[in-house]
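**Q** One letter stands for each residue in the lines below.
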Amino acid sequence: MTNHSPFDETADLALKTLRTSAPASLRPRTLIALGLADAYASIASPIGSLFVAFNGLGVCAVELAPDGPSFEREHLARQGRVAHRVEALPIGLSRALERRLLGDRRVRVPLDLRGHSEFERDVWRKALEIPRGEVRPYGWVAREIGRPAAVRAVGTALGHNPVPLIVPCHRVVRSDGHIGQYSLGGPANKRAMLAAEGLDPDAIEELARAGIRYVGSDTTRIFCLPTCRHARRIMERHLVRFRSADDSARAGYRACLVCRPTHRNAVA
Amino acid sequence: MDDTALLRALADDLDGAFESLVCAHQDRLFTIALRALGNWAEAEDVAQEAFVRAYRALTGWDAARIGELRLSAWLATIVVNLARNRGRGGTAAVRRRSLTLLDEVDHPSAGPTDTPHDELARRETTAAWAARLLSLPERYRLPIVLRHVDGLAYDDIAAALGRPVGTVKAQVHRGLVLLRAALEAEEREQDHDGGHAPGGRAASPSVASVIPTRPARPRSDSRR
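Taken in sequence, the protein lines are chains A and B. Using the numbering used here, the letters of the first sequence correspond one by one to residues 1 to 268. Using the numbering used here, the letters of the second sequence correspond one by one to residues 1001 to 1224.
Chain A on its own, in the form it takes in the complex (with noise of 0.2 angstroms):
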């Protein structure tokens, strides 16, 4: 090719001035949408403004901070990625956080849980599944996921829910039926978390202290965990209240299928 001419040089040295360097935005928007970067906003909770990190994957982390940096530090620490503040979450994902924090269960918020053991998620996902307003026992989550025997287990995988809140495990209490721990600040966070979503957290650990584990209807004969959604509505002239499974077997009551509170008879 006679590419020699004049103009072809000058036009040669002229195109090469039209190299451009990318917006500093690119490289940190780019990680992000891969993954291997997050993002992150804060947002308003009953507990207070929390962190909520993200990236092309999914929500990644919510985390209590007194601020940012302090943020960035100890997510980088803990998830091995830098995390970038932005202004506010994307508006579906901010949408879809909310109408799931209400307690709409269809709308789906996805996660980046990569890292994590697969018992971790399965435990995770099942704490997913406990309505809002509700509670359950950390044996009941064990149970429901085949591993009976791992309670202190699943309390230890709540524990390092990376995205409670989302994750509800403040829905999961103590199998005596005390409220416990939670990693998000401690237990009183727990019982405000409990308390916006309509629990009353004193009547809870009043029914643990005096051993109540399961409420049943006469009306029914059937037997629940005490705040699944059918023993409430239970009028307090019909309510019997247990202290075993095993009692309210011997009473002749069968186990409630939506809370399923003993595997015995959860096909039944």
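Worth flagging that the hints you see were computed from the coordinates, not collected in a lab. One should not assume that every hint holds.
What the hints assert, rightly or not - Straight-line Cα separation of at most 20 angstroms, DMTMM-like style, residue types lysine to aspartate or glutamate; simulated pairs:
| # | chain 1 | residue 1 | chain 2 | residue 2 |
| --- | --- | --- | --- | --- |
| 1 | A | Lys16 | B | Glu1124 |
| 2 | B | Lys1169 | A | Asp8 |
| 3 | A | Lys16 | B | Glu1119 |
| 4 | A | Lys16 | B | Asp1156 |
| 5 | B | Lys1169 | B | Glu1189 |
| 6 | B | Lys1169 | A | Asp247 |
| 7 | A | Lys16 | B | Asp1013 |
| 8 | B | Lys1169 | A | Asp12 |
| 9 | A | Lys16 | B | Glu1138 |
| 10 | A | Lys16 | B | Glu1019 |
Nothing here was measured: the structure is a model prediction, and the numbers come from that model.
Once you have looked at the hints, place chain B on chain A.
**A** Leaving out everything else, chain B in the frame of chain A:
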């Protein structure tokens, strides 16, 4: 890090090395997209999408296949295809610009600022060449961008555009002829109008409209 070292690192640890790939090639991919499309925001979207596609492809490849890759040419192929789809109003690439990073730096605006006269003149010249390039039909513009802006070899351009090498060479040549014609038309226009060119019959309306003042003249020897 050169492409060979980069490929070795990518084959070894894709997630760990991918940021290096982005750093090494982001200016190129952004430039190709910008000069193909003429729009800053779209170019950023297209460049980002090109990296995302490159990453997804690489996740499925073994070390041997990654090692054999002609990285620069391959990335150019991806970005050119995305830019072509976008240019045709295609729906292939999704807009992903919902994220506004708070530490984001403003990109240099084309508007006049308190810059020295030389710098201003240089910018005007660059803008004029960018406009001339954009006024070319796509079949000439893309080969010119890849050959003269990016500096890719002819056989790589041929592979990227899916055209025979001979065709690409002819298109580059033809593109330069058209650029020269555009430049000469602008200069005639300026001479006739005494420096005022309010949308007269220039080589292309887009060229005339983006050049508010006379562009710097090429060196005299290049005008023959």
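**Q** Determine for every hint whether it applies to the structure shown.
**A** Here is how each hint holds up against the structure:
no. : hint                  : result
1   : A:Lys16 - B:Glu1124   : holds, 15 angstroms
2   : B:Lys1169 - A:Asp8    : holds, 13 angstroms
3   : A:Lys16 - B:Glu1119   : holds, 17 angstroms
4   : A:Lys16 - B:Asp1156   : holds, 18 angstroms
5   : B:Lys1169 - B:Glu1189 : violated, 30 angstroms
6   : B:Lys1169 - A:Asp247  : violated, 89 angstroms
7   : A:Lys16 - B:Asp1013   : violated, 34 angstroms
8   : B:Lys1169 - A:Asp12   : holds, 15 angstroms
9   : A:Lys16 - B:Glu1138   : holds, 19 angstroms
10  : A:Lys16 - B:Glu1019   : violated, 25 angstroms
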